[in-house]
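Asker: All chains, full assembly: derive it from the sequences and hints.
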Amino acid sequence: MDAVAHLQKQWFDCIQHMLQEGFLNDQFAELKKLQDENNPDFVVEVVSLFFEDSQKLLSNMARALEQNVVDFKQVDAYVHQFKGSSASIGAMRLKDVCVSFRNYCEAQNLEGCLRCLQQVQQECSVLKNKLERLFMLEQQIVAAGGSIPAIH
Amino acid sequence: MGMMKIQEQAQQQDHESFGMNFVRRNRDRHFKILMIWIVALVLIGFKIFNYLEAGNKERRKEVLTSMCDQRAIMLQDQFSVSVNHVHALALMVSTFHYYKNPSAIDQETFADYTACTSFERPLMSGVAYAQRVVNSERESFEREHNWTIKTMDREPSPLRDEYAPVIFSQETLSYLESLDMMSGEEDRENILRARATGKAVLTSPFRLLGSHHLGVVLTFPVYKSRLPPSPSLEERVKATAGYVGGAFDVESLVDKLLRQLAAHEIILVNVYDITNTSNHLIMYGIQNEEGDTSLVHISKLDFGDPSRKHQMVCRYHQKEPIPWNAIAPAGCFFLIGFLVGYMLYSAAIHIVKIDDDFIKMQELKVRAEAADVAKSQFLATVSHEIRTPMNGVLGMLGLLLDTDLSSTQRDFAQTAQVCGRALIALINEVLDRAKIEAGKLELEAVPFDLRTILDDVLSLFSEKSRNKGVEFAVFVSDKVPDVVMGDPGRFRQIVTNLVGNSVKFTERGHIFVKVHLAEPSNTMTIKKSETSLNGGTKEGLGTSGDCQFKTLSGFEAADERNSWDTFKHLIADEEFHLDSSSNRVAAYETSDHVTLMVCVEDTGIGIPLHAQDRIFMPFMQADSSTSRNYGGTGIGLSISKCLVERMGGQISFVSRPQIGSTFFFTAVFERCKKNAFKEVKKPISEDLPSGFKGLKAILVDGKPVRAAVTRYHLKRLGIHVELASSIKKGVALFARNGSSISGNVMQPDIILVEKDLWISGEDAGMNMLQLDWKQNGHVFKLPKMILLATNINNVEFQQAKAAGFSDTVIMKPLRASMVAACLQQVGIGKKRLPGKDMNNETPFLQNLLSGRKILVVDDNRVNRRVAAGALKKFGAHVECADSGKAALDLLKLPHSFDACFMDIQMPEMDGFEATRRIRQMESEANKQMNGESTVEEAARKGEWHTPVLAMTADVIHATYEECLKCGMDGYVSKPFQEENLYQAVAKIFESKPVLEP
Chain A
1 MDAVAHLQKQ WFDCIQHMLQ EGFLNDQFAE LKKLQDENNP DFVVEVVSLF
51 FEDSQKLLSN MARALEQNVV DFKQVDAYVH QFKGSSASIG AMRLKDVCVS
101 FRNYCEAQNL EGCLRCLQQV QQECSVLKNK LERLFMLEQQ IVAAGGSIPA
151 IH
Chain B
153 MGMMKIQEQA QQQDHESFGM NFVRRNRDRH FKILMIWIVA LVLIGFKIFN
203 YLEAGNKERR KEVLTSMCDQ RAIMLQDQFS VSVNHVHALA LMVSTFHYYK
253 NPSAIDQETF ADYTACTSFE RPLMSGVAYA QRVVNSERES FEREHNWTIK
303 TMDREPSPLR DEYAPVIFSQ ETLSYLESLD MMSGEEDREN ILRARATGKA
353 VLTSPFRLLG SHHLGVVLTF PVYKSRLPPS PSLEERVKAT AGYVGGAFDV
403 ESLVDKLLRQ LAAHEIILVN VYDITNTSNH LIMYGIQNEE GDTSLVHISK
453 LDFGDPSRKH QMVCRYHQKE PIPWNAIAPA GCFFLIGFLV GYMLYSAAIH
503 IVKIDDDFIK MQELKVRAEA ADVAKSQFLA TVSHEIRTPM NGVLGMLGLL
553 LDTDLSSTQR DFAQTAQVCG RALIALINEV LDRAKIEAGK LELEAVPFDL
603 RTILDDVLSL FSEKSRNKGV EFAVFVSDKV PDVVMGDPGR FRQIVTNLVG
653 NSVKFTERGH IFVKVHLAEP SNTMTIKKSE TSLNGGTKEG LGTSGDCQFK
703 TLSGFEAADE RNSWDTFKHL IADEEFHLDS SSNRVAAYET SDHVTLMVCV
753 EDTGIGIPLH AQDRIFMPFM QADSSTSRNY GGTGIGLSIS KCLVERMGGQ
803 ISFVSRPQIG STFFFTAVFE RCKKNAFKEV KKPISEDLPS GFKGLKAILV
853 DGKPVRAAVT RYHLKRLGIH VELASSIKKG VALFARNGSS ISGNVMQPDI
903 ILVEKDLWIS GEDAGMNMLQ LDWKQNGHVF KLPKMILLAT NINNVEFQQA
953 KAAGFSDTVI MKPLRASMVA ACLQQVGIGK KRLPGKDMNN ETPFLQNLLS
1003 GRKILVVDDN RVNRRVAAGA LKKFGAHVEC ADSGKAALDL LKLPHSFDAC
1053 FMDIQMPEMD GFEATRRIRQ MESEANKQMN GESTVEEAAR KGEWHTPVLA
1103 MTADVIHATY EECLKCGMDG YVSKPFQEEN LYQAVAKIFE SKPVLEP
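Here the protein sequences come in this chain order: A and B.
FYI, our numbering numbers position 84 of the first sequence as 84, with every residue one higher than the one before it.
Position in the second sequence (first residue = 1) + 152 = our numbering.
Any given hint could turn out to be false.
Said to hold, decoys possible - Taking lysine-lysine pairs in the DSS-like style, the calculated list, with each CA pair at most 30 Å apart, reads:
#	chain 1	residue 1	chain 2	residue 2
1	B	Lys408	B	Lys376
2	A	Lys32	A	Lys56
3	B	Lys505	B	Lys461
4	B	Lys953	B	Lys936
5	B	Lys1024	A	Lys130
6	A	Lys56	B	Lys620
7	B	Lys1037	A	Lys73
8	A	Lys56	B	Lys1024
9	B	Lys953	B	Lys845
10	B	Lys461	B	Lys213
11	A	Lys130	A	Lys9
12	B	Lys517	B	Lys505
13	B	Lys656	B	Lys527
14	B	Lys1024	A	Lys33
15	A	Lys32	A	Lys9
16	A	Lys128	A	Lys32
17	B	Lys1005	A	Lys32
18	A	Lys9	B	Lys616
19	A	Lys33	B	Lys1139
20	B	Lys1139	A	Lys32
21	B	Lys656	B	Lys907
22	A	Lys56	A	Lys130
23	B	Lys351	B	Lys461
24	B	Lys1005	A	Lys33
25	B	Lys351	B	Lys302
26	B	Lys1117	B	Lys1037
27	B	Lys1044	B	Lys1139
28	B	Lys1024	A	Lys32
29	B	Lys1024	A	Lys128
30	B	Lys867	B	Lys631
31	B	Lys209	B	Lys452
32	A	Lys73	B	Lys1117
33	B	Lys953	B	Lys616
34	B	Lys471	B	Lys199
The hints are simulated quantities; they were obtained by calculation from the structure and are not laboratory data.
Every value quoted in this text rests on a predicted model; they were computed, and no experiment measured them.
Answerer: Here's what the structure looks like:
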């Protein structure tokens, strides 16, 4: 029981940190709510979908920006997609970066776009790490027989 | 106009800056410049003086010259007139004395004639005629005249070559008769010169006989026979018959002459004979040098004797006066120049001083700002450091609350959580101090329920007050509106601060927070009343515990305002207003602002008199031992004061040492428009359970103030309360109600009893009560017995149970929500369904969506999955399509989808296009159907119209319009928000009931 509480505390700290630092927002909590007995791995599923997609989108973006003549419309479309999925899982910071990324695309500012791309990549990997840790903790909690608390 | 002004200002500034620059550049040379300026002034002053003075001198000289010349010419004219007349006289003598024989002139005739004509010779004292007598003729002459020739000394004349005895004389000179003119040195010389030249000659000046005035003698020769033209000397001597002479009494005559002229006293006139150039002989005037010798004018005089020269010397009688007309302008010029210079000098010194001060101040300012920044950084760092662990605490409390807890435990945990949140808020508030100091504090204006705020504050301190055994209560007047516009955080901050202080300094008695409307008269009376000086020693205080004061706890309070006597007026007043729709209430309702008066009363140690003046100063506490004993920084009250002032109110207090303090403040809030706050999504006030409405209770409490507080809280729950001041009376009330049950009068559901009343030996009454209702018990439901207590120990608790309070004990301080929880625990009121309060829409959405078949179209896998998940959660069957084309395939008619959620921005075919095509398909199908459909099919389906909802992240109006234009039925925001989803779904499904499969 003690171990579970400890793990729960760790989990709580972890998610609290992510919420406070803006990695995630309430949408993530909403996602959590959608997860129930019928759909026990919903969040993990969505998040892994997100990262699969993001991998693809990021490489697409990188490629598009490497072209001699950059097709900003194309890049914008990618970023739009990325923004949508970020919003869906509640990755606020990623979404915010995407917003400025799109602004740069609109202004056809290659330098800004590249900077944003870098930022997106970085944010993405940070988020991935954090979420992996979170899911790991969840697994451990479940394994130890505890339940995952709700987020307020 | 504005532009002009600005330009002018700019110019002025330029000008000023030039002057300032000059002053600054020469900051060390100001004194030198002043000295140079003074020297220059002196020089210029002298120049002016000299110029004016020279003019003066010139004028003076001119005046002197003109006066002198005028006098000289007059003198000369008069002189020559006299000379001419003497000449005429000489000719007359020669004519009538010598050419007539016998002589036509004798002494008498001469005297008469000359006397008559003396006005012709104004300068001459008289004239006489002397005959030339040769020694040889002397005897005959003497005989003829009958007297002997005498010398000037009136002696008979000695023997000489020739004589010139006076034979005729004017009366004024009659003493000269028979005197020999040749005997006088001067006269003799004159006579010789006259007969040699044949012209008028003058003697040098000498003292005249008789008058002893200075004078000259004029002599004319008289010839016996006519002279040849240009006669020789001998011829002249031979022809000489005698001499006419006259004396000029120069002194008196010139005097007379001058006196006739204007301004004769201004100048001094001297007349000199300068024939002998080395020795000027004075003819007129005073010899010694008097008057102004610096300025002298000399005029030439010509008296007609070429061998003698005369001159007139004039000078001013008085020395030149001090030239004020030259000194004054020069002096004034110097003075003004000096003053101007000095003013500029002192201004420059002042400027330099201020400049220096300014620079110093700026340095200090920079340093102060740096210190301020450092302070802010420090505060930020420290508060961040505190916030981080506090988040952990709060998180764990959240976890704790998720577990299964008893109501007490839940209350503890909730209290802890509230306290933790308040602590974080407080830390933020400490940060505000800096903001307030910088004047950067912005007050919010949001609707809030101040009763909830006060409940929060109460719960924040309830544990502490309970431990201390201090009664703690909040009362809000009914007239105070439920919701007001203002800054809830700041309001809460002030109240928290005041209550915190009270809790800190109070060990017994009570803390009472009271809020009511400040009527105009009330606001006026807010002022620091003088605390009575003898308030320090009240005998028998505290320990006796006598209920001698009608306050909340019975202890004496510093201010009488909260005691029952005034309090009941307030309540009575309120009830009156509630009952009757008085005009005054109406007036209150209509005004836009409400002024609230908040009192925080405690019975603590009070504030020492000497410290009362500086209680609102930052970092000041009553004395240094305060922070040692009680902790705290002492900034709280100063922040509160600032905040209260920002809210348009005032704060003050009344405090009596050892008795307690009462703090008052007023704050102005905007009245909230009734419909305005209903639109606000977030619940602004904590929802009180509504299941208690219409319940009735009897409250047994001996202390009216406390009873009023209890009543206030119960009233908020909708419970109607009847008061009884003692158990006996309560019983009586109950009995009455019970007996008249048939009359449908009030039947209490709850009986609340204060612990102290019960403890103080009324067990008997209690038992009686029990008995009482057992008698009537069969007839109606038993009321719940509830004990109200500040603190209670186990023994007492057991006793209470035994005495019939089996149901529960409500621990004070009271709070509406807490009371509600306790009442629910004992089964009073309807319990709320679990989860219902979490989300109102959830069950409705469940109703609307369960069993529906829904198509989700989105090219983004993640979005698709999330949307599907959300819809599935509410029981919908979801299918997905990843593009508009796929969606069209799936929606080929006939299909079984109830609705379609469509992403707008998709590659290839976007949401608008896809919808348009869907509608096209549908309309074709409908046409066909109308042509050849079976009756029941048409009846069942009506027309094909699949509801299509757009999913979009940017919910702007334009998008919505476009959605409608291409045939969509609505839109939902992405990611789904329940409320929004509910609204959209409700619109499309409301009319269509779910078809049973």
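Asker: Against each hint, give a clear statement of whether it holds in the structure.
Answerer: Status of the hints after comparison with the structure:
1. B:Lys408 with B:Lys376: 37 Å, violated
2. A:Lys32 with A:Lys56: 25 Å, holds
3. B:Lys505 with B:Lys461: 79 Å, violated
4. B:Lys953 with B:Lys936: Roughly 12 Å separates the two Cα atoms, so the pair holds.
5. B:Lys1024 with A:Lys130: 28 Å, holds
6. A:Lys56 with B:Lys620: With a Cα-Cα distance of about 65 Å, the restraint between Lys56 (chain A) and Lys620 (chain B) is violated, given a limit of 30 Å.
7. B:Lys1037 with A:Lys73: 22 Å, holds
8. A:Lys56 with B:Lys1024: 28 Å, holds
9. B:Lys953 with B:Lys845: This hinted pair holds, its Cα atoms lying about 27 Å apart.
10. B:Lys461 with B:Lys213: 24 Å, holds
11. A:Lys130 with A:Lys9: It holds: about 16 Å lies between the C-alpha atoms, which stays within 30 Å.
12. B:Lys517 with B:Lys505: Holds, at about 18 Å.
13. B:Lys656 with B:Lys527: 27 Å, holds
14. B:Lys1024 with A:Lys33: 12 Å, holds
15. A:Lys32 with A:Lys9: Holds: Lys32 (chain A) and Lys9 (chain A) sit about 18 Å apart, inside 30 Å.
16. A:Lys128 with A:Lys32: Holds - the C-alpha atoms of Lys32 (chain A) and Lys128 (chain A) are around 17 Å apart, at most 30 Å.
17. B:Lys1005 with A:Lys32: Since the Cα atoms of Lys1005 (chain B) and Lys32 (chain A) sit roughly 23 Å apart, the hinted pair holds (cutoff 30 Å).
18. A:Lys9 with B:Lys616: 28 Å, holds
19. A:Lys33 with B:Lys1139: Holds: Lys33 (chain A) and Lys1139 (chain B) sit about 24 Å apart, inside 30 Å.
20. B:Lys1139 with A:Lys32: Answer holds: Lys1139 (chain B) to Lys32 (chain A) is near 27 Å, not above 30 Å.
21. B:Lys656 with B:Lys907: The hint holds at about 25 Å.
22. A:Lys56 with A:Lys130: 20 Å, holds
23. B:Lys351 with B:Lys461: Satisfied, since the Cα-Cα distance of roughly 15 Å is no more than 30 Å.
24. B:Lys1005 with A:Lys33: 21 Å, holds
25. B:Lys351 with B:Lys302: Since the Cα atoms of Lys351 (chain B) and Lys302 (chain B) sit roughly 27 Å apart, the hinted pair holds (cutoff 30 Å).
26. B:Lys1117 with B:Lys1037: 20 Å, holds
27. B:Lys1044 with B:Lys1139: 24 Å, holds
28. B:Lys1024 with A:Lys32: Within the cut-off at roughly 14 Å; holds.
29. B:Lys1024 with A:Lys128: With a Cα-Cα distance of about 26 Å, the restraint between Lys1024 (chain B) and Lys128 (chain A) holds, given a limit of 30 Å.
30. B:Lys867 with B:Lys631: The hint holds at about 13 Å.
31. B:Lys209 with B:Lys452: 23 Å, holds
32. A:Lys73 with B:Lys1117: 26 Å, holds
33. B:Lys953 with B:Lys616: Since the Cα atoms of Lys953 (chain B) and Lys616 (chain B) sit roughly 26 Å apart, the hinted pair holds (cutoff 30 Å).
34. B:Lys471 with B:Lys199: 23 Å, holds
When each numbered hint is compared with the structure, violations occur for hints 1, 3, 6.
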